[in-house]
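Visitor: Read off the chains here:
Number of protein chains: 2
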Amino acid sequence: MKGFTVLVIAIAGLALTACDRRPSAGKTTAAARGPAEEALMTRAREIFKPIPASPPALPGNEATPAKIELGKMLYFEPRLSASHAISCSSCHNIGLGGADTQSTSLGHRWQHGGRNAPTVLNAVFNTAQFWDGRAKDLEQQAGGPIVNPVEMASPPAHVVEQLEGIPGYRDAFAKAFPGQHDPITAANVAKAIAVFEATLITPNAPFDRYIEGDAKALSPAQKEGLALFMDKGCAACHNGINVGGGMYAPFGVVAKPGADLLPKGDKGRFAVTRSPGDAYVFKVPTLRNITLTAPYFHTGLVWDLRQAVGVMGASQLGAELSTEEIDRITAFLGTLTGDQPKVTAPILPPSVAATSRPRP
Amino acid sequence: MKGFTVLVIAIAGLALTACDRRPSAGKTTAAARGPAEEALMTRAREIFKPIPASPPALPGNEATPAKIELGKMLYFEPRLSASHAISCSSCHNIGLGGADTQSTSLGHRWQHGGRNAPTVLNAVFNTAQFWDGRAKDLEQQAGGPIVNPVEMASPPAHVVEQLEGIPGYRDAFAKAFPGQHDPITAANVAKAIAVFEATLITPNAPFDRYIEGDAKALSPAQKEGLALFMDKGCAACHNGINVGGGMYAPFGVVAKPGADLLPKGDKGRFAVTRSPGDAYVFKVPTLRNITLTAPYFHTGLVWDLRQAVGVMGASQLGAELSTEEIDRITAFLGTLTGDQPKVTAPILPPSVAATSRPRP
Chain A
6 MKGFTVLVIA
16 IAGLALTACD
26 RRPSAGKTTA
36 AARGPAEEAL
46 MTRAREIFKP
56 IPASPPALPG
66 NEATPAKIEL
76 GKMLYFEPRL
86 SASHAISCSS
96 CHNIGLGGAD
106 TQSTSLGHRW
116 QHGGRNAPTV
126 LNAVFNTAQF
136 WDGRAKDLEQ
146 QAGGPIVNPV
156 EMASPPAHVV
166 EQLEGIPGYR
176 DAFAKAFPGQ
186 HDPITAANVA
196 KAIAVFEATL
206 ITPNAPFDRY
216 IEGDAKALSP
226 AQKEGLALFM
236 DKGCAACHNG
246 INVGGGMYAP
256 FGVVAKPGAD
266 LLPKGDKGRF
276 AVTRSPGDAY
286 VFKVPTLRNI
296 TLTAPYFHTG
306 LVWDLRQAVG
316 VMGASQLGAE
326 LSTEEIDRIT
336 AFLGTLTGDQ
346 PKVTAPILPP
356 SVAATSRPRP
Chain B
6 MKGFTVLVIA
16 IAGLALTACD
26 RRPSAGKTTA
36 AARGPAEEAL
46 MTRAREIFKP
56 IPASPPALPG
66 NEATPAKIEL
76 GKMLYFEPRL
86 SASHAISCSS
96 CHNIGLGGAD
106 TQSTSLGHRW
116 QHGGRNAPTV
126 LNAVFNTAQF
136 WDGRAKDLEQ
146 QAGGPIVNPV
156 EMASPPAHVV
166 EQLEGIPGYR
176 DAFAKAFPGQ
186 HDPITAANVA
196 KAIAVFEATL
206 ITPNAPFDRY
216 IEGDAKALSP
226 AQKEGLALFM
236 DKGCAACHNG
246 INVGGGMYAP
256 FGVVAKPGAD
266 LLPKGDKGRF
276 AVTRSPGDAY
286 VFKVPTLRNI
296 TLTAPYFHTG
306 LVWDLRQAVG
316 VMGASQLGAE
326 LSTEEIDRIT
336 AFLGTLTGDQ
346 PKVTAPILPP
356 SVAATSRPRP
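Chain order of the listed sequences is A and B.
Each residue of the first sequence is one higher than the one before, counting from 6 in the numbering used here.
Each residue of the second sequence is one higher than the one before, counting from 6 in the numbering used here.
One chain only, chain A, in its complex shape (with noise of 0.2 Å):
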């Protein structure tokens, strides 16, 4: 038995010396990958699914090329704020995982925002926008913060009239919004966002090509941290194709965190439903490209991911992480950065004398 062993050894090395040889994108057959493996997988593939190659299509607002030149050149418009110095992109930053890297961002006159801004990457997967899923969608989203007066702090009725005093938003406007007698709307506005947001999407990470077939595509510690990942049950709300992002939780489901963490004034959800169960309770956000993205939580106060997978653990599970648990599940959130768009930056239409003026 013995030499068969080590016959069994040396084939299976001839054969993972053959797989290694293959290009790292290919896919492995079920009778390569083994039976643990497979299981693995067939797991992985039931909880998760990949980013698709394209953006999905928004029900309602068609996604034509004019459009979305459009709600890229106001995602990038400071002159949407009241000051002309903050625009979508200064707290969804595409180059920095469609966050920024505060804890809550400075908005009008170096006001905080209430929440750390969350990623902008893959938001068209959330079944809900914002961490209290107020909105219910991208449209509906984008308009919020262009008025929120600690944000971009745009009276609403100005919104529309800065714009119709850049004469080059007419064109694109029209052109964006067809046949519409007179386009320039704050609804055209966050459509017209919305439907760029939805390009922003992170296909192709290793987590992807893993459920698409390529068990090359982790590394067993990697792989091992999937496990647990699903084992320990991070999945139960953290699955489907954001990894998060599809349904609510209180934070601190079985141990409330200290207020340093969960802060008494901030209820989260309660303050859309007014439902007493809805307390503490916010959106779970997505882990897509959970490494670029740091600080975390809604209160944006714990930076170490390895830390805030430890709370997560204590908090949501009741389950106290050892560092190598920790450590594997790290690793394992590291393989679901994707390709990050490539976004050439627009120029913007020129101001005229009669545009409205910033007022800082």
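Any given hint might turn out to be false.
If chains are identical, the list can't say which one is meant, so a pair holds when it fits in one copy or spans any two.
Straight-line alpha carbon distances no greater than 20 Å define the calculated SDA-like cross-link-like pairs of lysine to any residue that follow [to be verified]:
1) LYS141 x ALA264
2) LYS347 x GLY173
3) LYS272 x ARG120
No lab work stands behind these hints: they were computed from the structure.
Once you have looked at the hints, place chain B on chain A.
Guide: This is chain B only, laid out in the frame that chain A set:
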């Protein structure tokens, strides 16, 4: 004689029709242009130069692709500011003619800068940088706003510490500055930003096509404006490749503007040279892309380009320009807008747990 005149006009009309059929980008021959046209073009060519198609080399600062790419990252890097909320691109927005739409920019803690943000576009062709010319080139300029307390407000020592705390920058600097033992230095930050900024040039403006020989690149009104621009004396200061940017001049050669446009407290180049003759002397700004970069002057207090032309006529030339002259000159200035840079927003290396945090 009358019949002869009519014939000449008819032939000229035919010639014009024939010309109209030629592609507008084509060059016209001297014979086709006629003597008056030819004289105008010859004179313009003696005074101005076109923006070249590719960026100029910077002495002692080779523009390798790795260094340009690093420079682009740093240009868009808000973590170079104390707050992590302000980058070079905040005030020198490539989508807004390389400037912002503020009289003076908003910086750290919502403080206003001292002077209007000059455009970064074609800045490489200026004889010196800043309104008072206190930096001799882009490299010397680039580090200034990063540590200026009212702009990005980074303590000087913090710049290197910040970048060293972001693992991805170690690689990026090593590639940009091969062979250096410790390439993350403030000097290299400035070098990299400078080579990126040198790529931000805007060739192919109608006026460039004109001085390169395409007489049809300018309309008759624009040509009249060009002639006025030279006849009235504007071109005495606004000349060369940048139609400005090549010399210093007092604001108020003939008549000092009021304190609204020339506040007593800002003596311009005097602060650099301490020479009494430099009181209220400023660098003559480039007029390239001038229609994109309102508001105007070092105070940024004039929002209408036509008004700015009028002020310049009165204060610099002692000329009371007529409405029609201002219209013509403004029409000419519109021909100075070139192809705007196509810049793909850089993906910045992520912060990690050990990275320095914002200090808002």
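Visitor: Indicate, hint by hint, whether the structure satisfies it.
Guide: Hints and how they fare:
1. LYS141 x ALA264: neither (29 Å within a copy, 53 Å between copies)
2. LYS347 x GLY173: Answer is between; shortest inter-copy Cα gap is 18 Å, intra-copy 24 Å.
3. LYS272 x ARG120: within (12 Å within a copy, 44 Å between copies)
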